[in-house]
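A.B. asks: Line by line, the protein sequences give chains F and E. To get our numbering, take the position in the first sequence, counting from 1, and add 82. To get our numbering, take the position in the second sequence, counting from 1, and add 1314.
Just so you know, these hints were derived from the structure itself, not from any lab. Just to be clear, a hint being listed does not mean it is correct.
Reference excerpt, derived from the structure (chain E facing chain F, CB under 8 Å, subset only) [what the hints assert, rightly or not]:
1. G1350
2. G1351
3. K1515
4. P1574
5. N1585
To list a few chain F residues with every Cβ distance to chain E over 10 Å, as calculated [to be verified]:
6. I147
7. V223
8. K284
9. K416
10. G434
11. D441
12. R519
Only some residues are given here: those of chain F computed to face chain E with a beta carbon under 7 Å [as the list claims (entries may be wrong)]:
13. P396
14. L452
15. T456
Owing to the predicted nature of the structure, the values given are computational and were not obtained by experimental measurement. For glycine and all other residues, C-beta sits at the position ideal for the given N, C-alpha and C.
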Amino acid sequence: MSEYILEMKNITKTFPGVKALDNVDFRVKKGEIHCLVGENGSGKSTLMKVLSGVYPFGEYSGEIIFDGKPQKFKSINDSERVGIVTIYQELALIPELTIYENIFLGHEIKKGNFIDWNETIVRAKKMLKKVKLDINPTLKVKDLGVGMQQLVEIAKALSKNVKLLILDEPTAALNEDDSENLLKLIKELKEHGVTCILISHKLKEVISVADSITVLRDGKMISSLEVGKDEISENIIIKHMVGREIEDIYPKRKKKEFGEKILEVKNLSAYDPNLGRQILKDVEFNVRKGEIVGIAGLMGAGRTELALSIFGNPKGYRLKGEIYVNGQKKKFTKPKDAIRAGIAYVSEDRKGNGLILIDDIRNNISITNLKELTKNGFVNENEEIKVANEYKESLRIKAPSVEQKVGNLSGGNQQKVSLAKWLFVKPHVLILDEPTRGIDVGAKYEIYTLMNQLVEKGMSIIMISSELPEILGMSDRVYVMSGGRMVGELPIEEATQEKIMELATN
Amino acid sequence: MRFMDEAKYLLKQNIRDYGMYVALAVIMIIFTVTTGGLFISSRNISNLINQTGYIAVLAVGMTLIIVIRHIDLSVGYLAGFLGAIAAILLTKAGAPVYLTILVVLVLGTLIGLFNGYLVAYVGIPAFVATLAGMLAFRGALLLVTEETGTIIVPNKSFNAIGNGFIPDIAHIPGIHLLTLLIGGLAIVFYIYSEFNVRKNKIKYNFEVISFKMFILKLVLVSSIIAYVTWILSGYNGLSWTVVIVIIVVAIYHVITTKTPLGRYIYAVGGNPEAAKLSGIDVSKITLIVFGSMGLLSALSGILYTARLQSATTTAGTLFELDAIAAAYVGGVSAAGGVGKVTGSIVGALVMASLINGMNLMGVGISYQYIIRGAVLAAAVIFDVKTRNKSR
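Chain F with its partners taken away, still in its complex shape (with noise of 0.2 Å):
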């Protein structure tokens, strides 16, 4: 038997005009906590979804070899049976059942036809009792805070008697205490020869817990770090993970005139009641007529939730700070409020909340403006066709009419439609949610060329972006957010990738 319990082997897996993972090889020891580290969008969650049966044989080519045998999983159920347990950002528990309901969900402990309850309870309490949790199993999963929850799970996990436990991102929705106390029984497990692969932005807590690190970058697997044989340092992964060259795909802006602060956000905190976290805390920036400001940080950071929260909250969360927009001070209860004063939001979800697809180009433009088009209580439909073609024209949306479901658009064409749509509301401030998301290259550099013409006119833009060479190839002041907080405001000539890592994954 080799000492690896692991082994992938050149794992390439591609979507529709993406290569998400290019003959990746990984490997993993047997009672090893094995660390895998990598930017948004660097192909973590897609190779353990490959390793997990999600992406099932066929879907990917490469070999996978787990205790000595190679495996072909064609759904979770496969990789389970083997003995590798997923445990997913997003818990998988079911709020309204109890706690031992959930631990032998889907397999249930059975006395001939019929599921043993009493035995179940037993059992459930020492699955328990190994993740350290000292409550009656009886009570219901919605009951339990977050870090409890996670304890849950990998109490469900154990009880499937797991060789190889997968952890994506577990302490990002934790706070410290629960953090600690989770990275302890990680520890633990390992003792009990669980291995683990533990997937984390947060550097410190992969340095403290790591046996190996893995570091992958755009799809490619590019080092493998030992304790004890390599170096290892938050520097040294930082720069792994970083390391590409920003290519020149930027397009030069002719002036960069800033004007007043437009919009200024002092201590804003926000809670989400559906979450039953504080998801932003003591926020506070501004931006500049005629300014691009970079919101960089990971996900869940909290970005696209101050964006939210300027932006009419239409989430409902529960807001306490003051938001100045040409220095008055303004309260929006909803998104016509922030419209009405001149900011716009450009979704990063354009499928999910920015577009309407069964519907034309044409009535996705007009949407967000319809009074400008409207005469006497009706709309003026072939104004309305002049003004969705004149933005199709300025946008160079590739459509044959604007008659178009925006559905059949491809990515590029519907981000520009989103755009067209918050350009017709005029707006003084433009706040683009990961504006070149799943989009290409040609089409990226359309929209670059269009965020100068706007900022020259004297628009002012905020752009959040997970790609850190966007943020750095656009932005005039870089903001950085980890777990809710503003953690850093950098001027451009001063900002690297390394340093907005470094504040980023503090």
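We have chain F; now place chain E onto it with these hints.
C.D. replies: Okay, now just chain E, sitting in the frame of chain F:
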């Protein structure tokens, strides 16, 4: 040959829109043949349309409810209950007709708004909220008719709403002159507005269909209007019910296609999240749509009571399901955001034609239900199959 190509192209592009009209035409032709022309006789068509009236107005409101991804099960008994209220106001309270109608319409709107409030602001699923309404209004209907049983309405002018015809201006045997005149005016108005639209489009340099095709379309639609008018004028002429339905459809058609409110309704149905982020007050739109449903339920109740010249204890039974079926046959999509008011009217006519034609043929009631079910399923299958291909 280019003309034929254009015709084919237009047909292909708009098959979803024209599908229902074609289906209605086919059904009518089949029944005309199988009943030896009885189906298409003036008297039968006039009856058929008048019978559809109270379902048609419900279908109009239901279309918008389904477009915003909700459902309203309470409309049937609400219509029955409000119809009984109208009867009571006219008989026991001795209220004048116009006041009765006004009170009932306002009452209906308020009840609709209450339903909308439960759905939009309290967050109760529409299915449950309106199911509760359905039970409650059934009880309310029984309550108000408990003592008297069926309430006969002796008021002639009220009953005319469901049975009467518009007066004629001259007496020519076999022909209703005013109806013909109105039909003629409708054709003139139609041609004028089509020319106007075309002129405007050309002014904006937009693409228009070729002139030949344009004329063909004008001739086709004009002759359909002319034919229907001719048939109706052969028997008493336009009924008040038809006049009311046409006015309702015209108003709703204009609202849904020409005003911001209409756009907002379809946006909310198409993607509520996106609508909200676009600055649309989704809750308010929901409230308005349910309010309109209540208003139309009241109108439906008035039409039904007037037609029967009485309010019965079972009035309104299953109206809601007929209205929902009409909307689905008319091309409304359960996924939301898609569906025209005019389509639902055609849907209501298709269902009514089926019942009427099968009755004339003497088809047993058991087979009638099965065939109606099959047609509903077929319509939705057609809708699903053509959805991805359109545009």
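A.B. asks: Could you run down the list of hints and mark each one as holding or not?
C.D. replies: Hints, one by one, checked against the model:
Evaluation of the E:G1350 hint against chain F yields a violated restraint, the C-beta minimum of about 45 Å exceeding 8 Å. A distance limit of 8 Å between C-beta atoms decides the matter here; for E:G1351 the minimum to chain F is near 43 Å, and the interface restraint is violated. Because the beta carbon of E:K1515 sits about 7 Å from the nearest beta carbon in chain F, less than 8 Å, this interface hint is met. Hint on E:P1574 holds. Least Cβ distance to chain F is approximately 4 Å, under the 8 Å limit.
Satisfaction of the interface hint for E:N1585 is found here, the shortest Cβ-Cβ separation to chain F being roughly 4 Å, below the 8 Å cut-off. Chain E leaves F:I147 outside its interface by the beta-carbon criterion, the shortest separation being 42 Å against a cut-off of 10 Å. For F:V223, the requirement that its beta carbon stay farther than 10 Å from each beta carbon of chain E is met, with the minimum near 23 Å. For F:K284, the condition that its CB be more than 10 Å from all CB atoms of chain E holds, with the nearest at approximately 31 Å.
Some Cβ of chain E comes within 10 Å of the Cβ of F:K416; the nearest lies about 7 Å off, and the non-interface call is violated. In this structure F:G434 is not separated from chain E by more than 10 Å, as the shortest Cβ-Cβ distance comes to only about 6 Å. The Cβ of F:D441 does not lie farther than 10 Å from every Cβ of chain E; its closest approach is about 5 Å, which violates its non-interface assignment. Here F:R519 stays apart from chain E, with its beta-carbon at least about 17 Å from theirs, past the 10 Å limit.
For the restraint placing F:P396 at the interface with chain E, the shortest Cβ-Cβ distance is roughly 5 Å, inside the 7 Å limit, so the hint holds. With a least beta-carbon distance of about 4 Å to chain E, the hint placing F:L452 at the interface is held under the 7 Å criterion. The criterion of a C-beta within 7 Å of any C-beta in chain E is met by F:T456, whose closest approach is roughly 6 Å, and the hint holds.
Checked against the numbered hints given earlier, this structure breaks hints 1, 2, 9, 10, 11; the rest are met.
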